[in-house]
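**Student:** Sequence:
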Amino acid sequence: MPFTETGIPDLLVYEPRVFNDNRGYFFESYSEKTFQEQGLHLPFVQDNQARSTYGVLRGLHYQLEPYAQTKLVRVLEGRILDVAVDIRKGSPTYGKVFTIELTAENKKQLLVPKGFAHGYSVLSEAAEVMYKCDNFYHKASEGGIIYNDPALNIDWGIDLADALVSEKDIVLPTLENCTHNFVFNSDK
1 MPFTETGIPD LLVYEPRVFN DNRGYFFESY SEKTFQEQGL HLPFVQDNQA RSTYGVLRGL
61 HYQLEPYAQT KLVRVLEGRI LDVAVDIRKG SPTYGKVFTI ELTAENKKQL LVPKGFAHGY
121 SVLSEAAEVM YKCDNFYHKA SEGGIIYNDP ALNIDWGIDL ADALVSEKDI VLPTLENCTH
181 NFVFNSDK
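In terms of this note's numbering, the sequence shown opens at residue 1 and continues consecutively.
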């Protein structure tokens, strides 16, 4: 199967099968059939794309229910360190951080379910990131956690003194002080 468990319930790494030959490569970056065979029924409704330079740090973001989003994140160019934090109340891995290097070369993707804060740092000179969402953007439901929360102790793979962080992300609260309404569902 192209899915790998991460040690955090519902957070999965997706590795599509890549066909290489002397012309280059081909792969299905997303197949509804493949995801449904894994029991994942995700009605993706929006694709987002961002280009950033080395040292840009985006996150940690989420949208509150009922506007929460599951995201399927991949890199089209360059390298990023993708970060997901479980913030589902009652989860056995609440507050646990997962990191993975996503690159244009390795073609791995991270499936970040609802109930996770998500962000990434750019490790290459530039990176182009694309992610599918199963719900539309809803500004009034935005939430987040400060990237340098000491309780999370995230190693972003870059020098944080030189990180390029938006004004909005610099003032986000810690996990302990953030507002969210996610609850872990153990019946899945």
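Don't take every hint at face value.
[Said to hold, decoys possible] Restraint ranges, calculated between C-beta atoms of paired labels, are given here:
hint : residue 1 : residue 2 : range
1    : 54        : 29        : 21 to 31 angstroms
2    : 18        : 173       : 34 to 44 angstroms
3    : 77        : 153       : 44 to 54 angstroms
4    : 167       : 187       : 23 to 33 angstroms
5    : 34        : 173       : 17 to 27 angstroms
6    : 101       : 150       : 18 to 28 angstroms
7    : 96        : 173       : 15 to 25 angstroms
8    : 187       : 128       : 15 to 25 angstroms
9    : 176       : 128       : 17 to 27 angstroms
10   : 177       : 38        : 34 to 44 angstroms
11   : 187       : 125       : 41 to 51 angstroms
12   : 177       : 46        : 24 to 34 angstroms
[Claimed, not checked] Below, a list of computed lysine to aspartate or glutamate pairs in the EDC-like style, where the Cα atoms sit at most 16 angstroms apart:
hint : residue 1 : residue 2
13   : 139       : 187
14   : 114       : 101
15   : 114       : 169
16   : 114       : 142
17   : 108       : 187
18   : 89        : 65
19   : 33        : 21
20   : 132       : 5
21   : 108       : 15
These are calculated hints, taken from the structure and not from any lab test.
From the three backbone atoms N, C-alpha and C, an ideal C-beta is built for every residue, glycine too.
**Student:** Given the hint of 34 to 44 angstroms, is the C-beta distance from residue 177 to residue 38 inside that range or not?
**Tutor:** Since residue 177 and residue 38 have Cβ atoms about 35 angstroms apart, the given range 34 to 44 angstroms holds.
**Student:** Measuring from beta carbon to beta carbon, are residue 187 and residue 125 in 41 to 51 angstroms?
**Tutor:** Once the Cβ atoms are compared, 45 angstroms apart, the range 41 to 51 angstroms for residue 125 and residue 187 holds.
**Student:** Kindly confirm whether 18 to 28 angstroms is satisfied by the beta carbon distance between residue 101 and residue 150.
**Tutor:** holds, 23 angstroms
**Student:** If you check the beta carbons of residue 54 and residue 29, does the distance land in 21 to 31 angstroms?
**Tutor:** holds, 24 angstroms
**Student:** If you draw a straight line from the CA of residue 108 to the CA of residue 15, is it 16 angstroms or shorter?
**Tutor:** Judged against 16 angstroms, a Cα distance of about 5 angstroms means the pair holds.
**Student:** The hint says 24 to 34 angstroms between residue 177 and residue 46; measuring C-beta to C-beta, is that right?
**Tutor:** holds, 29 angstroms
**Student:** Evaluate the given range 17 to 27 angstroms for the C-beta pair formed by residue 176 and residue 128.
**Tutor:** violated, 34 angstroms
**Student:** Do the Cβ positions of residue 96 and residue 173 conform to the proposed distance bound of 15 to 25 angstroms?
**Tutor:** holds, 19 angstroms
**Student:** Is the straight-line distance between the alpha-carbon of residue 114 and that of residue 142 16 angstroms or less?
**Tutor:** holds, 13 angstroms
**Student:** Do the beta carbons of residue 167 and residue 187 sit within 23 to 33 angstroms of each other?
**Tutor:** violated, 40 angstroms
**Student:** With the threshold set at 16 angstroms, check whether the alpha-carbon distance from residue 132 to residue 5 stays at or below it.
**Tutor:** Measuring from Cα to Cα gives roughly 20 angstroms; hence the hint is violated.
**Student:** Taking 15 to 25 angstroms as the stated bounds, is the beta-carbon spacing between residue 187 and residue 128 within them?
**Tutor:** 38 angstroms Cβ-Cβ, so the 15 to 25 angstroms window is violated.
Violated hints, listed in ascending order, are 3, 4, 5, 8, 9, 13, 14, 15, 17, 19 and 20; each of the other numbered hints is respected by the structure.
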